[in-house]
Amino acid sequence: ATAKSLIAAGIPDAQTLRSVGAHEAYRALLQAGERPHFIGYYVLQMALQGRPWNDCKGDEKAALRIRFDTLVAEVRGVPLSGIEAALDEIGLRRL
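Under this note's numbering, the letters of the sequence shown match residues 9 to 103, in that order.
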């Protein structure tokens, strides 16, 4: 199912996926209409690192959650607000 979604999003093969990276591949999926799902995001990250899907924990998982939330907001065109916007403004939130 993921392969079909990636192909539909313009990522036809593993070489292209490795080339664009997990973050930009997930952006392409969102732009193609996929519903955002954090587990799918970090599973893609782990897969490209050759790690088990459930190896993402603790601080690493928290950092990926911030990147995921930011990506979803960007694709939806929703500006960040409150503390998120302030942290972005001083360069402390976006990864």
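For the record, the hints were derived by calculation from the structure and aren't laboratory data.
Small disclaimer: the values here were computed from a predicted structure and weren't measured.
Warning: the hint list may mix true and false statements.
Straight-line distance between alpha carbons at most 25 Å, and here's what the computed SDA-like set of lysine to any residue pairs gives [unchecked claim]:
hint : residue 1 : residue 2
1    : 12        : 70
2    : 65        : 85
3    : 69        : 47
4    : 65        : 18
5    : 69        : 48
6    : 65        : 29
7    : 69        : 81
8    : 12        : 39
9    : 69        : 46
10   : 69        : 85
11   : 12        : 98
12   : 12        : 76
13   : 65        : 79
14   : 65        : 55
15   : 69        : 13
16   : 12        : 38
17   : 65        : 44
18   : 12        : 66
19   : 69        : 51
20   : 12        : 29
21   : 12        : 75
22   : 69        : 25
23   : 65        : 40
24   : 12        : 67
If you check each hint against the structure, which ones fail?
1, 2, 4, 11, 18, 23, 24
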